[in-house]
Structure formats: C-alpha cells, structure tokens
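Undergrad: Sequence lines, in order, name chains Z and D.
Counted from 1, the first sequence has number 115 at position 94 by the working numbering; the numbering is strictly sequential.
Counted from 1, the second sequence has number 71 at position 60 by the working numbering; the numbering is strictly sequential.
Among these hints, one or two may not hold up.
[Unchecked claim] Derived EDC-like pairs: lysine to aspartate or glutamate, alpha-carbon spacing no greater than 20 Å straight-line:
1) D:K153 with D:E175
2) D:K254 with D:E241
3) D:K288 with Z:E47
4) D:K23 with D:E241
5) D:K246 with Z:E75
Note that these hints are calculated values from the structure, not bench results.
Quantities reported herein were computed from a predicted structural model and do not represent experimental measurements.
Spelled out, the chains give:
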Amino acid sequence: MAFVTELPYRVALSDGDVHKEKQTWETNYTPIYVMTTIFAIIFFIGPFAIKKGENKWIIKTCMMLASFFLWLFWVTVYIAGMNPLVGPQLRNTTLAWMAHTWV
Amino acid sequence: MHRSTNSCLKEKIDYIESEIQEMTKNARNLKSDYLSLIELKLLIEKTQTFFQDHSAQRKLSATVQIYNNDAVFGHLGFIAGTVATSRVPSFERMLWRISHGNIFFKQAQIDQPLKDPITGHELQKTVFVVFFHGEQIKLRVKKVCFGFKATLYPCPATYKDQQEMLSGVETRIKDLEMVLDQTEQHRRLVLTNIAGDISTWMLAVRKEKAIYHTLNMFSMDIIKKCLIAECWVPKSDLYIAQKALDDGVKASGSPIPSILHHVPTREIPPTFNRTNKFTRGFQTLIDSYGIASYREVNPALYTIITFPFLFAVMFGDVGHGLIMTAFSAIIVIYEKRLSKNKSDNEIWNIFFAGRYIILLMGIFSVYTGLIYNDMFSKSLNLFGSSWMNVYDSETLANHTSLELDPAVAYTQTPYPFGLDPAWQFATNNIIFLNSFKMKLSIIFGVLHMAFGVTMSVVNFNFFRKPEMIYLQYVPQILFLMLLFWYLCILMFMKWTMYSATATDPTYGTSCAPSVLITFINMMLLKGSEDSPPCKAMMFDGQDALQKLFLTLGFLCIPIMLFGKPAFLFWQARNRKRHEVGGERGEVPAGAGGGAGAAGELLITQAIHTIEYVLGTVSHTASYLRLWALSLAHAQLSAVLWQRVLRYGLARSLAGSVTMYVGFAVWAFFTLAILVLMEGLSAFLHTLRLHWVEFMSKFYDGQGYAFMPFSFAAIIEHDDEELAQNGAPPEKKDEEY
C-alpha cells in the first residue's frame, strides 16, 4: 500500500470538471459568534427568566454551569479544528465517494 | 380517636389469640383420642391371633381361678397394649427379668406408622400382649408398662366380645374423624380471616414500638411530673414542630400545653441538606464520601451539572446516550408507579434511586456525542464537511490511501458543530484525536480544580475568616493558575497561531512546538535552541514570562506553608497582650499549650501544603482519564461495528439471516459492554474525579447526618435496629 501524498493543485469534482487552480478560502467566524451568543444568552439572561419556585436557585446554578461547560466544550473543539496541522488519511474509495456525495 | 383504635386492636388480638390457642388444644385432645381408638382397633385385630393360639392351654390346668374384674383367659391373666417399636427389646427383657421368666410375651408390629398428636411426628408402634399368672406379677408388669410409656387397653378375651368391641370402636372412629375434620376447617377459616389483616396489624405494632422506643429517650422530671426531650430541629422548621406540639395537645385533650424551648449548646449540630427527589441522588453521591461539616458549602449543588458533564466527556456517543436517556426517561415518567413496588433486587433499587442522574448523564452524552461526531462509531454530516477531495481520478486509481493536506483540502472554516465527519473514516484518526482530547482533558481538569479551590472562599467567607482568603486561597489559586492555566493558554496559542496555510514557515506545520516539552522545559528551567526556520519560543518574551510565573508560583509555597500558623501565632500574641491584670493561672484558650500546639499546627499546615502542591501535578495528570476512557469507548464501538454488524450489511437475500443474527449479537454487546460496562466504568471514574480531585481542594466532610424520626424510614428498614446511625451520645434524639 503506497502512502505517497501528492499535491496536484487541481480539484477533481464529481462532474469531472477540472477547472480551478489552488483554491484559497477565508476563515468564516460566524459559527463562533452564533454559538457564543446562544450560550451567553442562556448564561447571562436565562437566570433572570426564573423568578419563582422553590428550586429557583438550583435551576439558575444549573443553567449557568451547564451553559458554561457546554460552550467551553464546543469552543475548544472548534478552536482545535481551526488550524489543523494534519489532515485525515482516507482510502481512495472513500475520497471518491466524498467527492461524489458531499458537495 | 387513635387511642381507642389501639385498645380495640389489643383486645382483638388478645381475643383471637385465646381462640386459636383453645382450638389448638381441643384439636390436640381430639387427635390423642383418635390415636388411642386407632391403636385399640389395631390391637384387637392383632391379638385375635394370639388368643386363638392359646386355646390349647385350657387343657393344661385343672383349677380355674377367677380374678376380680381382670382380664382372664383360661387361668392366665393378660395385659394388652401398644408400645413404641424401638423400646420393644428392652421392654421384653425387663418384663422377663421382673417376672423371673414367668410371663409370656407376644408382640406384633403395626405396619403403618401413626401420627403423634402433639409433635406431628410419625410413630412406629408395636402391639403386645403379656400373659402372666398371679397378682404380684400383674402389678410388676403394670409398673414396667408405665415405665416404658406403653399405653394399655382393655381387651376382651372372647371372640364375640372382641367383635362387639371392634364394631363399637369403628363407629367411634368414624365419628371422631368427622369431628376432627370440622375442627380443622373451622381453624382454617379463622386463620384465613385474619390473614388479610396481619400486615396492617404488624405495621401498626411496629409504628407503636417505634414511638415508644423514641419516648424511652425522653428524660423524666419527677418533681414537675413531665417528660423532657432534647432534640435537633432545623431552624426553618421550628414553626412546624411548634404546630405539631399544639396539635398533639389539642388531640389528647390535655389541659397542660407542651413547651418548645430553644436551648443554647456548644455541641456540633448534625448536617441537614434539604433535598427533593431530583437532588437526592446527587447528595447521596457526595455523602458517600463524607457528610459535610455543619454549614459547610455543599458540593452536591454543582455536582448536578459537573458530574453528568464529565461522565459525558468519557462516554460521548449519540447512540448510547440516546439509549441511556430513553431508559431513564421511562423510569422517570413512571416513577410513581414503580416506587410503589418495593423490590428486594438491589441492582434495580440502585438504578431507580439514580434515575435522574442517569437521565442527565444520557442527555449530556447525546450532546458530547454530537460534538465528538460519534453515533455507534459512525459520524453525522449535518452541516457539510470542511474537508474535500483534491485528487483527480487518476491519482485515486493509483493509490489506495491518500492524506489530505490542510493547506489545500481544507476550507479553513471548521465544521460548525463538533468534529468534522471526515475524521471518522480516517486511518490516522487517532493521531489527531489523541492530541486534541488530551489537551481538552487538561483544560477541563484545571478549570474543575480551580473551581474546587474557589469553593474554599465560600467557606472562608461564611465562617468569617477573611484572612484565610489571602493566606490560603490566593497562593493556592496563583500556584495552580500560573503554572497549569498557563499550560492551557499555550495550548490555545498553538491551536490559533500555527497553521498549514501560514506564509511564514515559523508558524507552519513543521515548526509547531510540543506544548508538553515546552512546559517541562519551563519547569526544569532548561533553555532550548532555535533550529531555523523554527523558533524555540512561541512568542517574544516567553522565556522571561515563564521564569516570572515559575518564581511567583514557587513564592506561593512558603505563604501556604507559614501563612496560617504565623497568623494564628500573631493573633494569640495580640490577645495575650490585651489581657491586662490577668491572673497567672488564667491562660486563654488559643495560646494554651504554647509550643506544642504551634508545632502541631505547623505540621498540619505542612502536610496540607505538600498535599496541595503535589496534588496539582498529579491531579492534573489524573484528568487525562477523560481522554483515555473516551478513546476506549470510541474504539470498542468501532470494533463492534466493523467486526459484528458490517458482516450483515449489503449482502444478498440470504444475508438477511446473517443480518438478523448479526444485529442481535451487535445489540447485545452494545448494551452489555458499551452502555452498561462502559457506563459503569465512566461513572466510577467521574465519581473518583469528584471525590479526590475536586473535593479534596476544599471539602472538610467531618459532619454527621441529621436523621429525623420518620415512619417511612422505619418501615423500610424494619429488621434493623431503630438506633439512629451517626448520632452523637445517646441522649440526643432527632424529632421531626
């Protein structure tokens, strides 16, 4: 099994269209803004939504803790994936299938 | 009202008891009569043969002697009866001895065993007839029979008399059998009637016993003729206790009211954490490690979220998480019905008691499963992968395996939610995941531990020891954060600064430094060389900054070591100085003991400091189990899919049978190994992380539980002693 990784600066698309040279992309920061906002709302504003109830402090604490940890988990995964230093090593069949089905 | 039903119950029970006792006695008498009749019948039947044999004896003697009212056969007297078969040989020997051989003994064993009325055992009996001549021998024989517990029966000699007696006996036997039957039926009826009420009565009796047991703990004041109870009552529930006392006074109609009086005490009260059905499970988890000291901060509140979260980091799989959620959701929805069946099965009881914990664990596992993008070892592509194929058909045809270069095959925007689905197919999956998950574990670990150390501030604030915040909390948190949170910062910097698309090779993929090596070099003060184009340091001034952090961190250690003892010593000295004109003998409590107490304090503080400092290193590393277990879970899941389920997929029609069997095997192992075993394992590790790594930073746990009087608790543990566990000396009783 040969593991030679070549880098022809061509993108093979499913319709056999080989028209681009090396493509560059810009990092899109939208997901960070969206997710952080969602979790920030739950963390900062959510506790004020719970006004009555015998268990209100428990609920408030749980909301804040949960939103913080879940956001932290998500943001760590996101930042870790922002600048990957290695890429996945895939089989040729998988690559072909990816090119065909995943747009 | 309550009292009258109680006395009714007592009378009722007494009445039923005497009735059943009488019935049993009667039945026993009847049964012994029955036994005698049966024996008599058998005796008559068997002895018929004896008497026939001896008809020849009549010719022997000339004189016929008549004995008054005694059994006479020819001129021989006889005695007939039954004796236990086991005693026959010794019985015969004894008779022979006392009569000097002048008796004639005939025996015949009764084949069927007879039932003893008292014990219910079966007896083997033998019918015997003793022939003798003379009054003296008769007396002696009777004595021997009495000694051997032989039952004697009047047996007629002539055949005609025997037959008459036999028919009479048989009629009596029939009558007696009928009576016995009826007695038995009646007894059964009475017992069945009370059988339904027995459990209620037992409950009432147990409750009453518990009440009297508690009443025993009251002390009696003879002068004032009243009972005094000393107990702990939660402050916010004092009005409930007062109301209960008032209600009791009203119900009993007593003119004298009960008094609730607050008694000041120096004793340490029990710890009472009010829980509802949801928080009870988490509180139990914390209490298993140790009951919190009185009024200490309760970590159970935060455990509600951190426990399921850390579990989920180790368990992360959407499919298995869904299974857990579904299972626990069903239990929670039907909890009212399920709680009514009291089960002895301990495993079920544990699952039921922890249903909310499992529910939360399941929900968080679904979330972390979505982030790890792992569902039964398959990934979900919901938002479009960020990796794409850059090779043309020719390259693909010639190479079996190709690696995607992040510089060209990556869209530079990560998958919006979690790990990219392309990684699940990658053969070098583990290389990326290892590095990432280890860093993740350390980040969570440092945060969790920092949270734990900060909990001690809550304690210091509540117990009004603000100086401890500066002497203990600040150095501890500085030591932890300056060293280990700096490590986490380095991780984030490496992730953001080094990229495959960097134009400057210093920040390219081949120059990315190992964070671990950097950290170790920092601790060991080892400089490293630049190897162009790569730089040893990530940013300018890193070396100086690291040295500064290290110095500050290690300066915290003597503060931790000597801060508290120095403060207490200074405080004691101040107190002594303010005592003007105090007597020599009067020594203030704090400075008492002098050098001894100070030495002990220093040693305790030294132990705590060493424990904390070494703990930061070892506990941080301990959090790597978050990585280890999630790796194990993912690998097991992948193995199960590839080696079991895959063989049933994409086959011909006959493959449907393989699929059927394969799915059964796959489902079984998924449930048994991945959900149950891995779930239990992750649960245990999370528990350890909480108990050791989190709670050792602030938890005292020297309290004892508040155990109020509760009928429910008593009925549940009905075979255990009523003594309250964990209570201080016997006098104190908890009353609700």
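Undergrad: Hint by hint, say whether it matches the structure.
TA: Quick rundown of the hints versus the structure:
Distance hint between K153 (chain D) and E175 (chain D) is unfulfilled; the C-alpha atoms sit about 26 Å from each other, more than 20 Å. A C-alpha spacing of about 17 Å is found between K254 (chain D) and E241 (chain D), which places the hinted pair at or below 20 Å, so the restraint holds. For the given pair, K288 (chain D) sits about 51 Å from E47 (chain Z) by alpha-carbon distance, which is inconsistent with the 20 Å threshold. Our distance criterion of 20 Å between C-alpha atoms is broken by K23 (chain D) and E241 (chain D), whose separation comes to about 36 Å.
For a cut-off of 20 Å, the pair hint linking K246 (chain D) to E75 (chain Z) stands: about 17 Å separates their Cα positions.
Consistency note: the structure conflicts with the earlier hints numbered 1, 3, 4.
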